[in-house]
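Chains as they are written, first to last, in the numbering used here: chain A, 1 to 112; chain B, 1 to 336.
Please keep in mind that the hints were generated in silico from the structure rather than gathered at the bench. In this text, a Cβ means the ideal position worked out from N, Cα and C, and glycines have one as well. One should not assume that every hint holds.
Just the calculated beta-carbon pair ranges, DEER-fashion [stated by the list, open to error]:
hint, chain 1, residue 1, chain 2, residue 2, range
1, A, GLY12, B, SER191, 47 to 57 Å
2, A, VAL66, B, VAL192, 54 to 64 Å
3, B, ALA62, A, ALA83, 26 to 36 Å
4, B, GLN6, A, ALA83, 31 to 41 Å
5, A, GLY12, B, PHE84, 33 to 43 Å
6, B, ASN10, A, VAL66, 13 to 23 Å
7, A, LEU9, B, SER191, 55 to 65 Å
8, B, ALA186, A, GLY12, 42 to 52 Å
Below, each chain spelled out in residue letters.
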Amino acid sequence: MHRVDTTQLLKGVLDLACLAALRDDDGYGYDILRRLRMAGLTEVGDASVYGTLRRLFNAGLLTTYVVPSDEGPHRKYYALNAAGRAELQRSGKVWHGFACTMDDLLRERETA
Amino acid sequence: MITTAQDEINLYVFAVRAALGDLPESLRDELLEDLPEHLAEVLADGDGSLTERLGSPEAYAADLRTTAGFVGGFPDPPTRTDQFNEMRDLALARLRAVDLRLGPLFGATRASEFLVLLRPAWWVLRGYLVAMVLAWALDDSGQPIGLLPRIGGSEVVALVLLAAGVLGSIWFGRRSLPLSEWPQRALYAGSVVLVLVALAGFSQADSNRRDANYSDVNYDNPYGSIEDLFVYDEQGRLVPHARIFDQNGNPLRLGNASCYDEEGNYTDVETLTYPYCAARDPFRAPSSAPSASPSWANGPGPVPDSSAGVAPSAVPSVSPSAGSPAVSPSPQVKGR
Numbered sequence: 001m002h003r004v005d006t007t008q009l010l011k012g013v014l015d016l017a018c019l020a021a022l023r024d025d026d027g028y029g030y031d032i033l034r035r036l037r038m039a040g041l042t043e044v045g046d047a048s049v050y051g052t053l054r055r056l057f058n059a060g061l062l063t064t065y066v067v068p069s070d071e072g073p074h075r076k077y078y079a080l081n082a083a084g085r086a087e088l089q090r091s092g093k094v095w096h097g098f099a100c101t102m103d104d105l106l107r108e109r110e111t112a
Numbered sequence: 001m002i003t004t005a006q007d008e009i010n011l012y013v014f015a016v017r018a019a020l021g022d023l024p025e026s027l028r029d030e031l032l033e034d035l036p037e038h039l040a041e042v043l044a045d046g047d048g049s050l051t052e053r054l055g056s057p058e059a060y061a062a063d064l065r066t067t068a069g070f071v072g073g074f075p076d077p078p079t080r081t082d083q084f085n086e087m088r089d090l091a092l093a094r095l096r097a098v099d100l101r102l103g104p105l106f107g108a109t110r111a112s113e114f115l116v117l118l119r120p121a122w123w124v125l126r127g128y129l130v131a132m133v134l135a136w137a138l139d140d141s142g143q144p145i146g147l148l149p150r151i152g153g154s155e156v157v158a159l160v161l162l163a164a165g166v167l168g169s170i171w172f173g174r175r176s177l178p179l180s181e182w183p184q185r186a187l188y189a190g191s192v193v194l195v196l197v198a199l200a201g202f203s204q205a206d207s208n209r210r211d212a213n214y215s216d217v218n219y220d221n222p223y224g225s226i227e228d229l230f231v232y233d234e235q236g237r238l239v240p241h242a243r244i245f246d247q248n249g250n251p252l253r254l255g256n257a258s259c260y261d262e263e264g265n266y267t268d269v270e271t272l273t274y275p276y277c278a279a280r281d282p283f284r285a286p287s288s289a290p291s292a293s294p295s296w297a298n299g300p301g302p303v304p305d306s307s308a309g310v311a312p313s314a315v316p317s318v319s320p321s322a323g324s325p326a327v328s329p330s331p332q333v334k335g336r
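Only chain A is shown next, with the shape it has when bound in the complex (with noise of 0.2 Å):
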């Protein structure tokens, strides 16, 4: 059987975990990676973050502009348009759903 590791679990939830990490402030890639980790999920790699922004970009669920920056070079920004709005609150449901599905499985065998 596969053991039950965050890593695993993240690989499913990433898009939907950016996206919640974009629903009210728009960010840069690094900027993202830090509100994702310090929200919890410390072992979110740098590069499934960076992958993840151009899939949701490319797949046209974000926009993106740049910003000049005083010190290092310029920052690319990504926003939620409308379209990554949607998916968010489509996709938040169907995790709201499975999580509870999955809560209540576990607790039915701890009561058991």
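For this one, chain A is given, so just place chain B on it according to the hints.
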């Protein structure tokens, strides 16, 4: 050695790019366009090298590959091997069609059935070629090998080697055990090399034969520039219609069997006697020049002493215009 942060980033991006080498160029560029800026953020925030914090570039590339997906709708272009296989299949199909069409010409369904009959002939040829290649590789005597696999110029060795090569090749051809994949490929590759060797050897032998028709193989042939031949008797008189033979009685063919007369008209000479063009006698007194020379003095002059060894052609500057035996280079005048 990494000197600056920018160098470190460039190296890392370069390695990631290399690890994604199988992706089409445009896709890779698109995927990695923001990576340097992104890595600069990573590097600016905290300590440690990129590799320490992100893992190896290869692992990074692998992560990128799985997460980036290609949702943007880039269909994977056919890879090189696909194209190659496609072309090969097409070529093979055409070949089969030609094979079928040519079949009746050989009284068979397929032309290749006839080729199978020729297989033993190839075995013999292959044996000869292998012997030749061996002789060429082993012979360090510096002597020309010729058309037999001579080693050190020895005919006996050549025949033994030839027999061994041919028999070995036939034995190998008649073996019943099929080869496994790689030896089979090696055999094909070897056969191709042998065929190339054979073609090179054939074209060389062919050109040697053709050159031999014009002159000796010796390219410094001193007679190469000869156009015509003039024979004089002892008295220096031109011998018309001379025929010249070597010690075996073979006629010597020198010069061009054609003639330009004084008006520049070209005529083919058909009699093949020398000189072709008597009018070009190098010792003839120029017709325009006033000359009282007697007719016999038109030649190079009487024969010089043999010890002087002077050929007629070497004399003209001395004798013809003077028209007198007295100025002949020879002190000893014979036959007069």
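Worksheet entry | Cβ separation of A:GLY12 and B:PHE84, checked against the hinted range 33 to 43 Å | With Cβ atoms ~38 Å apart, the hint holds.
Item to complete: Given the range 42 to 52 Å, decide if the beta-carbon distance of B:ALA186 to A:GLY12 lies inside it.
Response: Hint holds: Cβ distance 50 Å, inside 42 to 52 Å.
Discussion item. Within 26 to 36 Å: is that where the Cβ-Cβ distance between B:ALA62 and A:ALA83 falls?
Written reply: holds, 29 Å
Discussion item. Just to be sure I understand the hint, the distance between the Cβ atoms of B:ASN10 and A:VAL66 should be within 13 to 23 Å; is that true here?
Written reply: 21 Å Cβ-Cβ, so the 13 to 23 Å window holds.
Fill in: A:VAL66 versus B:VAL192 beta-carbon gap, inside 54 to 64 Å or not
At 57 Å between Cβs, range holds.
Fill in: Assessment of proposed distance window 55 to 65 Å (beta carbons of A:LEU9, B:SER191)
Distance hint for A:LEU9, B:SER191 holds at roughly 58 Å.
Discussion item. Verify the CB-CB distance for B:GLN6 and A:ALA83 against the hinted window 31 to 41 Å.
Written reply: holds, 36 Å
Item to complete: Check the following: the C-beta atoms of A:GLY12 and B:SER191 are separated by a distance inside 47 to 57 Å.
Response: Between A:GLY12 and B:SER191, where Cβ atoms are some 56 Å apart, the hint holds.
The structure agrees with every numbered hint stated previously.
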